[in-house]
Amino acid sequence: MYDRRSFIGASAAGALALALPPRMAFAKAETDKRFVFIIQRGAADGLGIVAPVGDPAFVGARGDLAADFATAAKLDSMFALHPELSVLGGLYTKKQALFAHAVASPYRDRSHFDGQNVLESGGTSAYQVKDGWLNRLLGVLPPTEAKAIAVSATVPLALRGPHDVSSYAPSGLPQASDDLMQRVTMLYQGDSQLHALWSEAMNTRQLTSDLAGGGGANAAATGALAARLLAPADGARIAMIETGGWDTHTQQRQRLAGQLKGLDAMIAALQTGLGPLWNDTMVLVATEFGRTVAVNGTGGTDHGTGTAAMLIGGGVRGGRVLADWPGLSPAALFEARDLKPTLQLDAFIGGAVAGHFGVDPARTMAALFPESKRVAAVRGLV
Amino acid sequence: MTKASIALNRFGLGARGDQPVPTDPLGWLTGQFAKYDPVPDVIASAPTSAGVSAELADYFRQQRALRAQQGAKPAAPPAAAAVAMPGAAPVGLQMGAQPVQPRTPVPGAVPPPGKDDAMRQARQFAQRTGRGDYAGAVGARATNALVTETPFVERLVHFWANHFAVSADKLEVIGLSGTLEFEAIRPHVLGSFRDMLLAVEQHPAMLLYLDQAVSVGPTSPLGLKIAARGNRKVGLNENLAREILELHTLGVRTGYTQADVTEFARAMTGWTVAGIGRGPGSAAAGTDGLPGDFVFAAPLHEPGDRMIMGKRYPAGGVEQARAVLFDVAIAPATATHIATKLARHFAGDTPPPAMVERLQTAFLTSGGDLPTLYRALIASPEAWVEQPVKFKTPWEWTISSMRALNVKVADPQVIVGLLNQLGQPTWKPGQPIGFDDIAGSWAGPDAVLRRVEAAERFAARAGNIDARALAPKLLPGSVSPATQTALANCESPAQAVALLLVAPEFMRR
Numbered sequence: 000m001y002d003r004r005s006f007i008g009a010s011a012a013g014a015l016a017l018a019l020p021p022r023m024a025f026a027k028a029e030t031d032k033r034f035v036f037i038i039q040r041g042a043a044d045g046l047g048i049v050a051p052v053g054d055p056a057f058v059g060a061r062g063d064l065a066a067d068f069a070t071a072a073k074l075d076s077m078f079a080l081h082p083e084l085s086v087l088g089g090l091y092t093k094k095q096a097l098f099a100h101a102v103a104s105p106y107r108d109r110s111h112f113d114g115q116n117v118l119e120s121g122g123t124s125a126y127q128v129k130d131g132w133l134n135r136l137l138g139v140l141p142p143t144e145a146k147a148i149a150v151s152a153t154v155p156l157a158l159r160g161p162h163d164v165s166s167y168a169p170s171g172l173p174q175a176s177d178d179l180m181q182r183v184t185m186l187y188q189g190d191s192q193l194h195a196l197w198s199e200a201m202n203t204r205q206l207t208s209d210l211a212g213g214g215g216a217n218a219a220a221t222g223a224l225a226a227r228l229l230a231p232a233d234g235a236r237i238a239m240i241e242t243g244g245w246d247t248h249t250q251q252r253q254r255l256a257g258q259l260k261g262l263d264a265m266i267a268a269l270q271t272g273l274g275p276l277w278n279d280t281m282v283l284v285a286t287e288f289g290r291t292v293a294v295n296g297t298g299g300t301d302h303g304t305g306t307a308a309m310l311i312g313g314g315v316r317g318g319r320v321l322a323d324w325p326g327l328s329p330a331a332l333f334e335a336r337d338l339k340p341t342l343q344l345d346a347f348i349g350g351a352v353a354g355h356f357g358v359d360p361a362r363t364m365a366a367l368f369p370e371s372k373r374v375a376a377v378r379g380l381v
Numbered sequence: 000m001t002k003a004s005i006a007l008n009r010f011g012l013g014a015r016g017d018q019p020v021p022t023d024p025l026g027w028l029t030g031q032f033a034k035y036d037p038v039p040d041v042i043a044s045a046p047t048s049a050g051v052s053a054e055l056a057d058y059f060r061q062q063r064a065l066r067a068q069q070g071a072k073p074a075a076p077p078a079a080a081a082v083a084m085p086g087a088a089p090v091g092l093q094m095g096a097q098p099v100q101p102r103t104p105v106p107g108a109v110p111p112p113g114k115d116d117a118m119r120q121a122r123q124f125a126q127r128t129g130r131g132d133y134a135g136a137v138g139a140r141a142t143n144a145l146v147t148e149t150p151f152v153e154r155l156v157h158f159w160a161n162h163f164a165v166s167a168d169k170l171e172v173i174g175l176s177g178t179l180e181f182e183a184i185r186p187h188v189l190g191s192f193r194d195m196l197l198a199v200e201q202h203p204a205m206l207l208y209l210d211q212a213v214s215v216g217p218t219s220p221l222g223l224k225i226a227a228r229g230n231r232k233v234g235l236n237e238n239l240a241r242e243i244l245e246l247h248t249l250g251v252r253t254g255y256t257q258a259d260v261t262e263f264a265r266a267m268t269g270w271t272v273a274g275i276g277r278g279p280g281s282a283a284a285g286t287d288g289l290p291g292d293f294v295f296a297a298p299l300h301e302p303g304d305r306m307i308m309g310k311r312y313p314a315g316g317v318e319q320a321r322a323v324l325f326d327v328a329i330a331p332a333t334a335t336h337i338a339t340k341l342a343r344h345f346a347g348d349t350p351p352p353a354m355v356e357r358l359q360t361a362f363l364t365s366g367g368d369l370p371t372l373y374r375a376l377i378a379s380p381e382a383w384v385e386q387p388v389k390f391k392t393p394w395e396w397t398i399s400s401m402r403a404l405n406v407k408v409a410d411p412q413v414i415v416g417l418l419n420q421l422g423q424p425t426w427k428p429g430q431p432i433g434f435d436d437i438a439g440s441w442a443g444p445d446a447v448l449r450r451v452e453a454a455e456r457f458a459a460r461a462g463n464i465d466a467r468a469l470a471p472k473l474l475p476g477s478v479s480p481a482t483q484t485a486l487a488n489c490e491s492p493a494q495a496v497a498l499l500l501v502a503p504e505f506m507r508r
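Those protein sequence lines, which keep their order, are chains W and U.
FYI, numbering that gives the first Met the number 0 numbers position 193 of the first sequence as 192, with every residue one higher than the one before it.
FYI, numbering that gives the first Met the number 0 numbers position 331 of the second sequence as 330, with every residue one higher than the one before it.
Treat the hints loosely; a few may be bogus.
[What the hints assert, rightly or not] With a Cα cut of at most 27 angstroms, we get these calculated BS3-like pairs of lysine-lysine:
no. : chain 1 : residue 1 : chain 2 : residue 2
1   : W       : K260      : U       : K427
2   : W       : K260      : U       : K340
3   : W       : K129      : U       : K340
Because the hints were derived from the structure by calculation, they are not lab data.
Between the sequences and the hints, there should be enough to build the whole structure, so can you do that?
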């Protein structure tokens, strides 16, 4: 298999580079790439997912919440993975999962809604950029790959913008009759908004007509559904899945374990459903911000700053935790309460996406995160 | 859209097919203030927070009894184990040797057979009861919206319930979610914002949803006692305090700091619920009042003065946090926040700045008098522009469809299921910010497809209705020629009804 990284690195081969088409052409030639963004709404606790068990302050700060890691698999000398993430742990061993820690978007306050707005829009402050970075990614890709779907009834901000995207979630309603559908098609012809939505709905319906009985009631079913939407040659190349329930102000130990079990099952279902395409798939898991280092008075944690993000898939250079670890001692914390961010989520996402689709990192950063232009994308993720 | 169509659809909940079109649209709107009934029969017979709380209290009692039957204390208290760890543990962890505190069950803690089953059954029963209360309340809300004589005021009730959102996710909140709207919003929708705010923040659904009921002042009498016993798992929870400032009143990024949030959370300690709270404070809260009553539990209250946004609030009891609430209720930032959301609801996803300013002034000069604010809203030309300015939410579309077809009673289970399918489960936005109020969140391809599916089902049960005659009653003077032609060409009356319900002019308001 051709190793694009070593080619790019080989700057001596100037003559060779001239003789070959620009790099975009390489991306086009291997166009089976799939990308899935799983958003964790509610501020997922990175310290409770990829735990810095080697940090001397960890157990003291985390009390009861640290106990889950007593028997957890170690990722390296510093970090251990939550025991509910067994599939992810297996992928890590196979070098198909990478965790980034002490990571944060440019947002530095603690509102979920503003934080999610920054995470999804790709701005540096809330409501500054009107559409989503995942939608703008479609503009960077060749038209054949620029097809995206939201695995939900409505389109989340990250996918909203100038490029058409579709949405799909299994419906429990009986399907409308074909004749009515045709009449609706005609009636919507003069209404640009409804016409666009309806066309997308009709295209998606054809693609998934054999899914009527499919569940979606739980995380595994959603993962399997996303895989079915991504697998066909003319299916979507980019999918976004929304997950909630991460805002663990109380009883975090039980609640986070349940959440992670679901996430693990979702990843497993994606992998199974994508089959051989898994080798060309990248899954990004990210949240708006992290949670306090200290446990609060109700067995939970409050809104914080730095957290963890994940890249999973056959093409990911996994089996490692990417972290410039700031430490958990009181003096090392951000505003004396939160994990201090040392890695920009923007740069991480930009580097991951650019590497995965084989597009220029600087161009990708400019398109996806226009306000973070000066930040260099993280290299070497794939 | 004509003025009559705007009054019926943008301000109201959609026309009923069996009622005349108002001849004086503005008078029809303002006349509703005198006619509004905060407790119509259907709401009066819906579940109450007292009833739901009594059920929850029974369940918690049962659980405690079952746990007590299990005999000796189960396992070593996990908190003590955690406290013992810090010295040596990290080394063990780093080396990957010496597993720290493997959580194997202590033999004596295994419950005798049967107890687990009883616990599970009790929990399942409590969940079923909660879901039954929830469905009953959703049914009451929908039925009332179908038959109300004051649909504009009812729309405002729905608006405020979403502004002060709780989400029916946790066991304690499922059955209580609707009672917040019935007991804290409905009585105050034509009163003052301040009174509505206080009623909401003292309602059991809100106190439980945003964890206020488990917050304990670290140096309060109870906090000190618990700390002395070495239990670190007790203390402040700033969830409600933060969301009051961010979502309910001032709005995000309006100048308050993390320190203000924490100070406010300290002032709020002691605000809790009788009988159905959890955690170490529940005993302190349960001594007076019936289950579900708001109580101020002095033993949980953090003593001392509080400094919040530059103002000193002297030490005291329940009045300390109430004074903060009363101040933020009439703050300019709150006025801007409320004005922006109202303008967005009636004049379009991007609220016109001039209208926001006008509403803000009405709010501030009247001290948050809501009818004054609504009059300024009705008087705003931006709310009367002829093009439809809003894409209906699933709730709005469902209620307007059922009203159009003269439905008078909503079956609770059917309406709950339908709103789930359409993507807006009632009182269950999943987040304290409530449901979005912009088209981008509702106008998805799949969402439109589902409305078409639901419309066909409505139409199949609508009986003998001529959509060609119905359309001008629902949308007086506002049916497009394209829609008229499409309705006339349908192959059956039912098909025409379905098509009318998803016509562009009926999908928006």
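Cross-check of the supplied hints:
1. Proposed proximity of K260/W and K427/U is supported: the alpha carbons are some 23 angstroms apart, at most 27 angstroms.
2. Taken as a hint, the K260/W and K340/U pair is broken in the structure, with Cα atoms around 38 angstroms apart against an allowance of 27 angstroms.
3. At most 27 angstroms may separate the alpha-carbon atoms for a hinted pair to count; K129/W and K340/U meet this at roughly 18 angstroms.
Violated hints amount to a single one, hint 2; each of the other numbered hints is respected by the structure.
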